[in-house]
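Let's have the full structure, built from the sequences with the hints guiding it.
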Amino acid sequence: MARTGWRAGILILLSLLGGSAAWARLDWTAFEQYRSPSALLYFETPRPRAEGSLLIWPELSQPHLWLAMAEYWQRKGWDFILLLPDASQQAFDPATEAPSPVQRQWLVRQGERLQDALADTDPERRLLVLVQGSAALWYQQLVDGGTLSTPDALVVFDAHPRPSAQQRMLAISLARSPYPVLDIDSRPREPLSRLNQQRRRQQSEQQEKADYQMELLTGHALLERQIAGWLVRLGWLPLPPGAPDYLKGKRNEAGISRPTDPGPGR
1 MARTGWRAGI LILLSLLGGS AAWARLDWTA FEQYRSPSAL LYFETPRPRA EGSLLIWPEL
61 SQPHLWLAMA EYWQRKGWDF ILLLPDASQQ AFDPATEAPS PVQRQWLVRQ GERLQDALAD
121 TDPERRLLVL VQGSAALWYQ QLVDGGTLST PDALVVFDAH PRPSAQQRML AISLARSPYP
181 VLDIDSRPRE PLSRLNQQRR RQQSEQQEKA DYQMELLTGH ALLERQIAGW LVRLGWLPLP
241 PGAPDYLKGK RNEAGISRPT DPGPGR
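For the sequence shown, the UniProt record's numbering gives the first residue as 1, with consecutive numbering after it.
Simulated from the structure, these hints should not be mistaken for lab results.
Idealized CB from N, CA, C, for every residue including glycine.
Treat the hints with care, since some could be wrong.
[To be verified] Quick list of the computed label-pair ranges, beta carbon to beta carbon:
no., residue 1, residue 2, range
1, 47, 100, 26 to 34 Å
2, 36, 104, 22 to 30 Å
3, 91, 239, 41 to 49 Å
4, 112, 235, 30 to 38 Å
5, 36, 240, 33 to 41 Å
6, 150, 241, 32 to 40 Å
7, 144, 192, 21 to 29 Å
8, 47, 168, 39 to 47 Å
9, 189, 36, 27 to 35 Å
10, 190, 71, 26 to 34 Å
11, 96, 123, 14 to 22 Å
12, 109, 198, 27 to 35 Å
Okay, structure coming up:
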């Protein structure tokens, strides 16, 4: 798929493959951006040198949600890396105290995939990682265990583990992380979401983690702008003219940033 025509091709795929089952059957190797054996899609910025790299580890059957975001970050001068998820990330238990040899081998392989994915990125440029759902705990485990270097910032999207041990593990890991964390939730009113929010908020307060921020999703179509707004507040991106309050870091009374206007993020 040529660079100039990849976006049109992706839009066609988005329209034709509406169901997760159809996406599961998609031949990702047909993409020019596909890289083996890491099983990922790598979209390089057309600029001579990247401003940074965005690595996304999605939930199962969810890569299509992120494909349309690639062009947005390419235009901003960022390389966009989409790791294709593995079915075992939901089958294994990251919180078990006695992982099986099969689980250990699988986690080693995921660490190798991520290392390979980042091998071509510029270590002097910023690395932003986004993890969705079950990928969040596995990624934190690889970072906490020293397999992966720490990112410059992390976005957690809809990570709602059900077992209490996994909830505690993720909450503690995020609260102790030495990098800024943006925790985005698209289902804040569901009981499981509320419980995870409460645990993570409590841990971040106990650890006095000032660079942990929880936000509600404003809309999937605006997700890239919501993330870009956070990067503006971190000082990674310039503040757009006439920027709305949420880009300036203002919060509501509950302490959760609730952007209602996407602003001129492009």
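Q. Going through the earlier hints one by one, which of them does the structure break, listed in rising order?
A. 1, 9, 11
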